[in-house]
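Enquirer: Numbering follows my numbering, with no gaps: position 161 of the sequence shown is 1259.
Hints are not guaranteed to be accurate.
Simulated pairs of lysine to aspartate or glutamate, DMTMM-like, Cα-Cα distance not exceeding 20 Å [said to hold, decoys possible]:
(1) Lys1220 - Glu1280
(2) Lys1186 - Asp1276
(3) Lys1179 - Glu1154
(4) Lys1213 - Glu1157
(5) Lys1220 - Asp1257
(6) Lys1179 - Glu1157
(7) Lys1220 - Glu1245
(8) Lys1186 - Glu1154
(9) Lys1213 - Asp1276
(10) Lys1186 - Asp1260
(11) Lys1186 - Glu1157
(12) Lys1220 - Glu1284
Ranges between beta-carbon positions, derived for each pair [unchecked claim]:
(13) Cys1242 - Gln1173: 22 to 28 Å
(14) Gly1167 - Leu1243: 29 to 35 Å
(15) Ala1172 - Leu1234: 32 to 38 Å
(16) Asn1232 - Ala1290: 20 to 26 Å
(17) Ala1226 - Met1253: 19 to 25 Å
(18) Arg1254 - Gln1173: 30 to 36 Å
(19) Asp1178 - Trp1233: 28 to 34 Å
(20) Asn1217 - Ser1162: 35 to 41 Å
(21) Glu1263 - Ala1290: 27 to 33 Å
(22) Glu1238 - Ala1290: 36 to 42 Å
(23) Ala1226 - Ala1172: 33 to 39 Å
(24) Asn1217 - Arg1254: 34 to 40 Å
(25) Ser1177 - Cys1242: 19 to 25 Å
Everything labelled a hint here was simulated from the structure, so no lab data went into it.
Beta carbons: idealized from backbone N, C-alpha and C, even for Gly.
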Amino acid sequence: MPPRRHADSASILVEYPGWAKTADDTCPTGQGEAHRMTTHEEALSNAELHLATHREEVEAVIASLAMEGSVRFAQLKESDKGLMWIFKYGTVRVFVVMSGESNDDTLTVWAPVMKLPENSAKTGELYAHLLRSNWLETWEARFCLRENEVALHTMRTLDSLDPAEISRAITIVATLADEYDEPLIEQFGGTAPFPA
């Protein structure tokens, strides 16, 4: 019987049938010590196990946030291990990239918020506003410039990355970008990064 997943925007719980919930969640039902995989077919390298887990967690979070039918997935051309997802959340598109599977590889999440305004006086005011927002309002995410766009961005290495951190990174970028895009465009005169 396959594992059951429970996902919300704050946490993800995977239940495996036949496993009792214990203080350390390592003991299968009726056994007093941690279950160990013993066959060659069941054994995965540590890197493969982390990649599968991180990928599954990213996909579960995206499934809980994305507008129906909006998720796109791609293998990155410049990397044989890089993965990218794009999904729509509210009025924004969110990009999620895992650069590979090693501890030094990264999870990067960004969402374009607006194209820069044409009026240079407004651009200076916009930059000051974004820097103030970075200080107090964006948690682990940050406003940044990506070519001619303002985007919200966060990045973290995969080393010791847990499911709650994956969920938080994607959720923060998606919700804040959706919250900020229309007010910033209205106040500073930029345009939406993508056609409606």
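Enquirer: Hint by hint, say whether it matches the structure.
Expert: Status of the hints after comparison with the structure:
no. : hint                          : result
1   : Lys1220 - Glu1280             : holds (16 Å)
2   : Lys1186 - Asp1276             : holds (10 Å)
3   : Lys1179 - Glu1154             : holds (15 Å)
4   : Lys1213 - Glu1157             : violated (28 Å)
5   : Lys1220 - Asp1257             : violated (40 Å)
6   : Lys1179 - Glu1157             : holds (16 Å)
7   : Lys1220 - Glu1245             : holds (18 Å)
8   : Lys1186 - Glu1154             : holds (19 Å)
9   : Lys1213 - Asp1276             : holds (14 Å)
10  : Lys1186 - Asp1260             : violated (24 Å)
11  : Lys1186 - Glu1157             : holds (14 Å)
12  : Lys1220 - Glu1284             : holds (11 Å)
13  : Cys1242 - Gln1173: 22 to 28 Å : holds (25 Å)
14  : Gly1167 - Leu1243: 29 to 35 Å : holds (31 Å)
15  : Ala1172 - Leu1234: 32 to 38 Å : holds (35 Å)
16  : Asn1232 - Ala1290: 20 to 26 Å : holds (21 Å)
17  : Ala1226 - Met1253: 19 to 25 Å : holds (24 Å)
18  : Arg1254 - Gln1173: 30 to 36 Å : violated (21 Å)
19  : Asp1178 - Trp1233: 28 to 34 Å : violated (39 Å)
20  : Asn1217 - Ser1162: 35 to 41 Å : holds (39 Å)
21  : Glu1263 - Ala1290: 27 to 33 Å : holds (30 Å)
22  : Glu1238 - Ala1290: 36 to 42 Å : violated (25 Å)
23  : Ala1226 - Ala1172: 33 to 39 Å : holds (36 Å)
24  : Asn1217 - Arg1254: 34 to 40 Å : holds (35 Å)
25  : Ser1177 - Cys1242: 19 to 25 Å : holds (22 Å)
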